[in-house]
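Participant: Each chain, written out:
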Amino acid sequence: MDIKDIIKPENKVYGRTPVLKDNVMHYCPGCSHGTVHKLIAEVIEEMGIQDKTIGISPVGCSVFAYNYLDIDWQQAAHGRAPALATATKRLNPDKYVFTYQGDGDLASIGCAEIMHACSRGENIVVIFINNAIYGMTGGQMAPTTLLGMVTATTPYGRDPKLNGFPLKITELIAQLEGTCYVTRQSVQNPASARKAKKAIRKAFENSAMGKGTSFVEIVATCNSGWKMSPVKANKWMEENMFPFYPLGDMKDR
Amino acid sequence: MALKGAIVVDNERCKGCGVCVANCPTNTIALAQEVNGKGYNFAYMANPDTCTGCTNCATVCPDAVITVYRVKI
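Going down the list, the protein sequences come from chains A and B.
The first sequence lines up with residues 1 to 253 when you count with the numbering used here.
The second sequence lines up with residues 1001 to 1073 when you count with the numbering used here.
Hint data in this document are derived by calculation from the structure and do not stem from the laboratory.
Just so you know, even glycine gets a beta-carbon here, dropped at the ideal spot from N, CA and C.
One or more of the hints may lead you astray.
The list that follows gives simulated cross-link-like pairs (lysine-lysine, BS3-like), each with its CA atoms no further than 25 Å apart [said to hold, decoys possible]: (1) B:K1004 - A:K8; (2) A:K21 - B:K1038; (3) A:K211 - A:K198; (4) A:K202 - A:K251; (5) B:K1072 - B:K1004; (6) A:K195 - A:K161; (7) B:K1072 - A:K227; (8) A:K52 - A:K95; (9) B:K1004 - A:K4; (10) A:K21 - B:K1004; (11) A:K52 - B:K1072; (12) A:K95 - A:K168; (13) B:K1004 - A:K12; (14) A:K198 - A:K21; (15) A:K52 - A:K4; (16) A:K8 - B:K1038; (17) A:K168 - A:K227; (18) A:K232 - B:K1038; (19) A:K232 - A:K52.
Per label pair, the in silico range of CB-to-CB distance [unchecked claim]: (20) A:L147 - B:T1026: 20 to 30 Å; (21) A:K232 - B:T1050: 37 to 47 Å; (22) A:G15 - B:I1073: 20 to 30 Å; (23) B:A1030 - A:P93: 27 to 37 Å; (24) B:A1002 - A:M209: 36 to 46 Å.
Computed list of chain A residues with no C-beta within reach of chain B, every gap over 10 Å [unchecked claim]: (25) V24; (26) M136; (27) L172; (28) V231.
Only chain A is shown next, with the shape it has when bound in the complex (with noise of 0.2 Å):
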């Protein structure tokens, strides 16, 4: 069979969603960034909600995210994105809100916020992006850097001595009351990117029941912050990020 004949609108079973805006996105080749918007892009058409809800942009390499998805968008001060994601709910409670956030915005300078949004189970989506790295600025440690791990500002790799131990973020968060879905996904491989789309679209309908803080870490990659290519990155977050990170709910009620 002639690919020309295969090619035909009929036979389409896989394309780009149109909650994705046509800007060509600014990240860096084989960034897991992508991936993740893609996914809220087709979880959002899915469910049929892209007119009622709203994103919270965060500071980092996200914050152009809502350059690239054609729904409301707020972009907080660094951290603060929970914050602003309690307000918008509180104000438009038919709406559904998520935050988008990364590891050095939600994890270290955000910590409070995300505590006590979580602690007060405010009824929104958080998205945590944990590559372990600051990519924005060019690199440096974060508070979930692992133990060893070489970044601008640890050149000699993380020695808890000077610079503590890297930071579970989310099995602290899991401890909360208020939230009521607690998971860690990654989106390496069509399995685990198909896996964090489920996630995703259970934290919006959990959103929608009314049912406290969903939050979905994705353990991601920034193969230029790690100085690897995008395959070689993939395969390193496998062994090294998988072990401390494991894969898996933490809490679904």
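Assemble the complex: chain A is given as a structure, and chain B must be docked to it using the hints.
Facilitator: Below, chain B alone, put in the same frame as chain A:
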């Protein structure tokens, strides 16, 4: 019943990260020798005969540049 697939890559948007190449179960995709307007070696179907239209490449594509078509033959 066999499945036959094909992909269309938006060459100008593709950043040549190679994640689709690594995740293609049938080694259909490869990065092109030539480059696009931004200087990236874009992905293309090197072995069109082996494509089954499984959508794995498009699922992991960070820039959502791959469209997948599939027919039953």
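Participant: For every hint, state whether the structure bears it out.
Facilitator: Do the hints match the structure? See the list:
At roughly 13 Å between alpha-carbon atoms, K1004 of chain B and K8 of chain A fall within 25 Å of each other, so this suggested pair holds. For the proposed pair K21 of chain A and K1038 of chain B, the alpha carbon gap of about 20 Å is at most 25 Å, so the pair holds. Under the criterion of a C-alpha separation no larger than 25 Å, the hint pairing K211 of chain A with K198 of chain A is consistent with the structure, at around 17 Å. Restraint check: the Cα-Cα separation between K202 of chain A and K251 of chain A comes to about 13 Å, which is no more than 25 Å; the hinted pair holds.
For the hint pairing K1072 of chain B with K1004 of chain B, the CA-to-CA distance comes to about 6 Å; that is within 25 Å, so the pair holds. Among the hinted pairs, K195 of chain A with K161 of chain A is inconsistent with the structure: their alpha-carbon atoms are about 37 Å apart, more than 25 Å. Only pairs whose Cα atoms come within 25 Å are accepted, and K1072 of chain B paired with K227 of chain A is rejected, the gap being roughly 43 Å. Taken as a hint, the K52 of chain A and K95 of chain A pair is honoured in the structure, with Cα atoms around 5 Å apart against an allowance of 25 Å.
For the suggested pair K1004 of chain B and K4 of chain A, the alpha carbons sit about 12 Å apart, so the restraint of at most 25 Å is met. At most 25 Å may separate the alpha-carbon atoms for a hinted pair to count; K21 of chain A and K1004 of chain B exceed this at roughly 30 Å. Restraint check for K52 of chain A and K1072 of chain B: the C-alpha separation of about 38 Å exceeds 25 Å, so the hint is violated. Taking the CA atoms of K95 of chain A and K168 of chain A, the gap is about 30 Å. The hint is violated against a cut of 25 Å.
With a C-alpha separation of about 12 Å, the suggested pairing of K1004 of chain B with K12 of chain A holds against the 25 Å cut-off. Annotation: proposed proximity of K198 of chain A to K21 of chain A holds, straight-line Cα distance about 22 Å (limit 25 Å). For the hint pairing K52 of chain A with K4 of chain A, the CA-to-CA distance comes to about 39 Å; that exceeds 25 Å, so the pair is violated. Taking the CA atoms of K8 of chain A and K1038 of chain B, the gap is about 28 Å. The hint is violated against a cut of 25 Å.
A hinted pair counts as satisfied when its Cα atoms are at most 25 Å apart, and K168 of chain A with K227 of chain A qualifies at roughly 24 Å. Only pairs whose Cα atoms come within 25 Å are accepted, and K232 of chain A paired with K1038 of chain B is accepted, the gap being roughly 22 Å. Restraint check: the Cα-Cα separation between K232 of chain A and K52 of chain A comes to about 38 Å, which exceeds 25 Å; the hinted pair is violated. For the hinted restraint 20 to 30 Å between L147 of chain A and T1026 of chain B, the CB-CB distance of approximately 39 Å leaves it violated.
About 25 Å separates the C-beta atoms of K232 of chain A and T1050 of chain B, a value inconsistent with the hinted range of 37 to 47 Å. Range check, G15 of chain A to I1073 of chain B: about 21 Å between beta-carbon atoms, so the 20 to 30 Å window is met. Taking the beta carbon of each, A1030 of chain B and P93 of chain A are about 50 Å apart, not inside 27 to 37 Å as hinted. A beta carbon spacing of about 43 Å between A1002 of chain B and M209 of chain A agrees with the range 36 to 46 Å that was offered as a hint.
Against the 10 Å criterion, V24 of chain A falls within the reach of chain B, whose nearest CB is about 6 Å from its own CB. Listed as outside the interface, M136 of chain A is consistent with that label: its C-beta sits roughly 16 Å from the nearest C-beta of chain B, beyond the 10 Å cut-off. No beta-carbon of chain B comes within 10 Å of the beta-carbon of L172 of chain A; the shortest separation is about 29 Å. At roughly 5 Å from the closest C-beta of chain B, the C-beta of V231 of chain A falls inside 10 Å, breaking its exclusion from the interface.
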